[in-house]
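Q: Yeah, the sequence shown ends on 1199 if you go by this note's numbering, and it's all consecutive.
I should point out that these hints are in silico values taken from the structure, not numbers from a laboratory. One or more of the hints may lead you astray.
As the list claims (entries may be wrong) - Below 30 Å or equal to it, Euclidean Cα-Cα: the simulated BS3-like pairs (lysine-lysine) are: (1) 691 - 585; (2) 823 - 872; (3) 330 - 693; (4) 1000 - 923; (5) 474 - 528; (6) 585 - 867; (7) 872 - 528; (8) 769 - 528; (9) 859 - 809; (10) 564 - 474; (11) 564 - 585; (12) 944 - 1000; (13) 630 - 676.
Stated by the list, open to error - Pair ranges (Cβ atoms, derived): (14) 614 - 305: 18 to 28 Å; (15) 613 - 357: 21 to 31 Å; (16) 553 - 273: 48 to 58 Å; (17) 301 - 180: 38 to 48 Å; (18) 634 - 237: 57 to 67 Å; (19) 756 - 627: 44 to 54 Å; (20) 240 - 289: 42 to 52 Å; (21) 371 - 707: 54 to 64 Å; (22) 634 - 328: 19 to 29 Å; (23) 613 - 328: 20 to 30 Å; (24) 371 - 614: 16 to 26 Å; (25) 614 - 357: 26 to 36 Å.
Here the structure is a predicted model, which is why all the values come from computation and not from measurement. No residue lacks a Cβ here, since even glycine has one placed at the ideal position from N, Cα and C.
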Amino acid sequence: MLIPTNDFWKAKHRKFGFEKLTLSSRKIFAPRKKLVKMFSPPEILNTLLFLFCSLFLLSECSIINDPRSTIICMPGDTIHNVTLTHGINAGVFTAIDWAKTMPQCIRESCNRKAGQIAFLVESSCYMVSCFRKEYCKSFSDSMPNTLRVAVTPYTFFDAAPAFQPLERTLYIDENNKVGKKLIDIFAYAKSRRSDNATVFFNITRGNIANAFKLIQRPERGGASLVANVVLDRENVSYYYLIIQATNVDEQKISTTTLRVEVLDINDNGPKFLKSQYSTTINSNVSIGTEVLRVYAVDPDTGENAQIRYYLITYTQLFQILPETGTIIVKQRIQLDRTRTFTLIVAAINGEHRAVVSVNVQVVALNEFRPFFQRLNYQVSVSEAIKVGTSLIRISATDSDTGSFSQLKYSITSGNNNLFRIDDSGDVRTTKSLHSIGVKNFTLRISVRDSGNPPLKSVQSAKLVVLVTSMERYKVKFDVPLYTIAIMENIPVGSSILNVRAVSGLSASRPGRQKENRKGRIVYSIENKDGAPFFRISKHTGAISTRRPFDYELQKEFRLTVNAKDIEARRRGLRVQKDHAIVRVKVIDLNDNRPKFVLSFYQDIINENMTVGSSILRVTANDADNGMNKKVEYIMQSGNINNTFSMDADSGTLRLSRSLAQGTIEFYNLTVFAKDKGRPPLSSSPVSIYIKVKRHTFGPTIRPEFTVPVYLAKVNESCPVHTEILRVRARMNSGPDSGIKYYATQVSGGEADSHFAVNSVTGAITLIRKLDYKKKDRYTFLVAAIDVSKASSVDNVLVRILVEDVNNHKPVFDKPVYNVIYNKEPQLFSRVVQVTATDEDAGQNADLTYFLHDNAKDKKGFFEIEPKTGIMKIMRMLQRESLSLFRMSVSVIDNGTPSLRSDKNAEINVLIFQPFSTPLILIKTTQQTITVQFNLKYLDLTNVKEFGVIVQEYLPSSDLFEDYTKLKPTTWFLIGYLQKKNQNLRRYISKIVPNTPVITKFGMFQITVGDDKGCNLRNEICSGPLNPSSKYRFQLRAYLNDSGPFAQHKFKDGDFTEAFFTGLGTEAKTYRKEGRRNYDAVVYSVGAALILVILLSFLRGFYRLKLDRLRIHEDKKKQISFPVSNPRFQDPESPVEKIRTPGQGRKLMASINAEKSLDIGRSEEDDGSSPDSALGTCTSCQSEPTNQETMRSAYFAFEY
1 MLIPTNDFWK
11 AKHRKFGFEK
21 LTLSSRKIFA
31 PRKKLVKMFS
41 PPEILNTLLF
51 LFCSLFLLSE
61 CSIINDPRST
71 IICMPGDTIH
81 NVTLTHGINA
91 GVFTAIDWAK
101 TMPQCIRESC
111 NRKAGQIAFL
121 VESSCYMVSC
131 FRKEYCKSFS
141 DSMPNTLRVA
151 VTPYTFFDAA
161 PAFQPLERTL
171 YIDENNKVGK
181 KLIDIFAYAK
191 SRRSDNATVF
201 FNITRGNIAN
211 AFKLIQRPER
221 GGASLVANVV
231 LDRENVSYYY
241 LIIQATNVDE
251 QKISTTTLRV
261 EVLDINDNGP
271 KFLKSQYSTT
281 INSNVSIGTE
291 VLRVYAVDPD
301 TGENAQIRYY
311 LITYTQLFQI
321 LPETGTIIVK
331 QRIQLDRTRT
341 FTLIVAAING
351 EHRAVVSVNV
361 QVVALNEFRP
371 FFQRLNYQVS
381 VSEAIKVGTS
391 LIRISATDSD
401 TGSFSQLKYS
411 ITSGNNNLFR
421 IDDSGDVRTT
431 KSLHSIGVKN
441 FTLRISVRDS
451 GNPPLKSVQS
461 AKLVVLVTSM
471 ERYKVKFDVP
481 LYTIAIMENI
491 PVGSSILNVR
501 AVSGLSASRP
511 GRQKENRKGR
521 IVYSIENKDG
531 APFFRISKHT
541 GAISTRRPFD
551 YELQKEFRLT
561 VNAKDIEARR
571 RGLRVQKDHA
581 IVRVKVIDLN
591 DNRPKFVLSF
601 YQDIINENMT
611 VGSSILRVTA
621 NDADNGMNKK
631 VEYIMQSGNI
641 NNTFSMDADS
651 GTLRLSRSLA
661 QGTIEFYNLT
671 VFAKDKGRPP
681 LSSSPVSIYI
691 KVKRHTFGPT
701 IRPEFTVPVY
711 LAKVNESCPV
721 HTEILRVRAR
731 MNSGPDSGIK
741 YYATQVSGGE
751 ADSHFAVNSV
761 TGAITLIRKL
771 DYKKKDRYTF
781 LVAAIDVSKA
791 SSVDNVLVRI
801 LVEDVNNHKP
811 VFDKPVYNVI
821 YNKEPQLFSR
831 VVQVTATDED
841 AGQNADLTYF
851 LHDNAKDKKG
861 FFEIEPKTGI
871 MKIMRMLQRE
881 SLSLFRMSVS
891 VIDNGTPSLR
901 SDKNAEINVL
911 IFQPFSTPLI
921 LIKTTQQTIT
931 VQFNLKYLDL
941 TNVKEFGVIV
951 QEYLPSSDLF
961 EDYTKLKPTT
971 WFLIGYLQKK
981 NQNLRRYISK
991 IVPNTPVITK
1001 FGMFQITVGD
1011 DKGCNLRNEI
1021 CSGPLNPSSK
1031 YRFQLRAYLN
1041 DSGPFAQHKF
1051 KDGDFTEAFF
1061 TGLGTEAKTY
1071 RKEGRRNYDA
1081 VVYSVGAALI
1091 LVILLSFLRG
1101 FYRLKLDRLR
1111 IHEDKKKQIS
1121 FPVSNPRFQD
1131 PESPVEKIRT
1141 PGQGRKLMAS
1151 INAEKSLDIG
1161 RSEEDDGSSP
1171 DSALGTCTSC
1181 QSEPTNQETM
1191 RSAYFAFEY
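Go ahead and model the full structure; you've got the sequences and the hints to work with.
A: Take a look at the structure:
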């Protein structure tokens, strides 16, 4: 079978239109006119011939050009019965066993992409790879050959497009722009027509949701891969794209795989798995116990998914671990009732944050039992102690809190209903101890708390009460130790405690306290350190404060209080004294603000500092105690984008956000401290200056400032050209000689116009006068650069504060202050507050006030607080009625030098309070009454004259009160006109001028009704009074000077008691001053007492003489005293009952019976010797009788 040559195939292509059939499908569906042409007879004939040829030659064609292979094989003409020039040495012969025909031999040779000649011998195929082209030339051999030999030269090429090398993975950020070109893809292909065939690209697989598309670039021989949608890493994190390149001419394809990985950006915030968390714990959990773990997720990855947790509320009780979200107990939770704490937890990831609430229910447990701080107490009290007085305070402690720590004490044994104990632990008496006598008591005291159920102390306390007796004329305090607690802001003059001491008991009235007259016991404070702060009432024992207290200066006072009986001196005895200790504890108040240790804080940090790292720590102190001393720190301003966070308890400043992507170089944070007192007090704010050291892409050599900020204070009076401060930078490597300085970022040009920076030395100089009123601070940056080394720039912040000059004097807000008192003011009460202003600032505006008394004899009644200008009353004004106090106040500031106000403020205080005038009745007649007024409650120096007001006293009349309210009239309108009920009105009887004698002695005497010629209507006249009528008096005091109170000309005193006029004869003269005078009765009683005492003395003296006489006679009879005394011989006498009870009476009877017997006696004693009265005669040595021996044994007398 003849193999068609290459020219044959070309001819057939031209003849049957095979080339048209190889066109693309688009050319098959040509316009209609082409379709008409195709169905013309010549075209139909050509088509039929082509189909016929294809049917016979299909197998051969398919063998040479395999559609499954990308190799295009182009065979040459087949030559039969020829051989190669060099025969078997023409090249390498490779046998292809299974190829039996020439087309198969050609196809397999081409598929192997080798050789140039297909050599077929019979049915054996060989692929010949020629050593040289000329070695494979064929020629006809003249020698006959019995084998069939066919030789076909061929050429081949790979028509599959070849891709340019691509990255194995393409990285793309999510949230990209649609249509953005991602990568260019190139592939080259060869066809039989051209060495640069057209290549078509498309994505066959892996394009999820058509996320990408290819844009053909035929002019460049490639295509561009672009994003067709916005990528989201959280939905699809990577794509495996199968990209196919098609050789359009040969319809051969090739593929490549491109992995597209979507990179994460921080576009998602954290989300908690629960909308709310809840848990329950007990109040007795230990510190560090895990409460709950919150968990938040972030769909992002890597650093964008790193979440840090922060606790916003109740940071003093709980703490959260930032990395894990575990909430732990920070300190013991002490509660007396179940309580729910709502914690706010924030999960932060960069700029994103989520917040969740955590409800922690803390169940209160009564965990601890109360216990006594001491188990043994002892107190010594007087038997005369006042009922209800506190003996001692028993102290117990419970470590619980709230109501669980409220303790209740009880006396379990040894009480006998004499004592009680209150909830504060004070043991008090409930009955008088007089009836008990001297006795000791041992009390057992237990305590329990108020929990549910209540817990009782394991051990009880023992209190031993020693009751001491009162000796005659001795002085004894109720208890030796008093304890009291006071607040440090207690007002001056407040009474805090009453101590009591009593005098001794009377021997004649045992068991009863001796009657004390008023003022018998006198109290005083002995120790000098307590006297300036406390005063004690001389007669009542009331202790009061006399100065303000400060817990921070002194926390406790120990006063030694003395009591002495002054009546003992009247009796001619030694003055008896006793002392007691008063322990005064001062309770702290939250009256001090926290104060920072430093005036400002600063630090330099690197921009790549790890988030959460500690930067610095601020510290503030509070001079108070307890909860008032605990401080929390709060960041007030300057925290841009929440870059920093501050621990509220420790004051540690931490970095909470990365600084790498920021551009801010300086941060000025404002922080203040607040204590936990009630009410809480805050400190003055303090500044924290943070400088961020950022990396530059320029030269690495640069100057660096060692501090982030320079601060300076300059007085506004500072001269021009004065150097304020000097900045300095150092090179990080090399010498510093080439550094130049200049000001930058000067806001508003104000700093630039007032200050100049020396470029060489860095000195900042004042170039323009400062004015504190216009601007009090300047802030600008100073840059440093080394021009010679072309270094980068470093900046430092400069803040200059302008201080005020004390150039303004303080000025009072008001020149005059007038105060009038219509009733008696309280001691230590506030009178008025004087205020002044100073246009300066700072310390120059701090003012101090001084009070000046114009009257020398009226000093000490008022004081003024130097800092507040509040004037207070320091002495009682009871006896200062109608007094006018004229004072002045000056003020100075605390500047340097201090300036005083040009004019002082005047203070006028008028004591216009009601006053009483005790009245003494001297004499009454039928028409007159003579009285004496006591003026001890008036300031007579300010009284010009007195008016005596008289009113007939008829309280039973219905119109009496109404007429009393009317203005006083004259006697003429009442006594002479005799109108109806006119006698009930008041009238002015006399005007008495105030004389030096009245002022000196404080009293005057006047007779009312002694004027007989009152005939004028408006004349003040003392007309006669009505007989047998009752009158009362009222004194009107006319002021000598009312100062600014011009409307207050006089003041009426209180009404006196009423007195009757006589019945026509002169009444008895008697005196009365507030109460009845019993002088005559007193004199009579006194004389009677003296007479009784004298008679008692004479009786005692007489009986003493009788006793001496009997003793003398009994000695002569050898009878010892006191047997001879009749008082000792009467069996019914009290003495006899005491001396000879029982059988002693019988003995006395026998002795009396033997008195008549003759007893031998020695020499007589005349009784003149004192020894005779005692029965110690040395000459009487006779032997005693049996009766004498019995008497001696019974009475224990020796002879």
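Q: Next, verify each hint and record whether it holds.
A: Going down the list of hints, with the structure as the test:
no., hint, in the structure
1, 691 - 585, "violated (50 Å)"
2, 823 - 872, "holds (16 Å)"
3, 330 - 693, "violated (35 Å)"
4, 1000 - 923, "holds (24 Å)"
5, 474 - 528, "holds (26 Å)"
6, 585 - 867, "holds (27 Å)"
7, 872 - 528, "holds (25 Å)"
8, 769 - 528, "violated (56 Å)"
9, 859 - 809, "holds (28 Å)"
10, 564 - 474, "holds (9 Å)"
11, 564 - 585, "holds (26 Å)"
12, 944 - 1000, "holds (14 Å)"
13, 630 - 676, "holds (6 Å)"
14, 614 - 305: 18 to 28 Å, "holds (24 Å)"
15, 613 - 357: 21 to 31 Å, "holds (29 Å)"
16, 553 - 273: 48 to 58 Å, "holds (57 Å)"
17, 301 - 180: 38 to 48 Å, "violated (22 Å)"
18, 634 - 237: 57 to 67 Å, "violated (43 Å)"
19, 756 - 627: 44 to 54 Å, "holds (53 Å)"
20, 240 - 289: 42 to 52 Å, "holds (51 Å)"
21, 371 - 707: 54 to 64 Å, "holds (56 Å)"
22, 634 - 328: 19 to 29 Å, "holds (23 Å)"
23, 613 - 328: 20 to 30 Å, "holds (22 Å)"
24, 371 - 614: 16 to 26 Å, "violated (42 Å)"
25, 614 - 357: 26 to 36 Å, "holds (28 Å)"
In summary, the structure is inconsistent with hints 1, 3, 8, 17, 18, 24 from the numbered list given earlier, while agreeing with the others.
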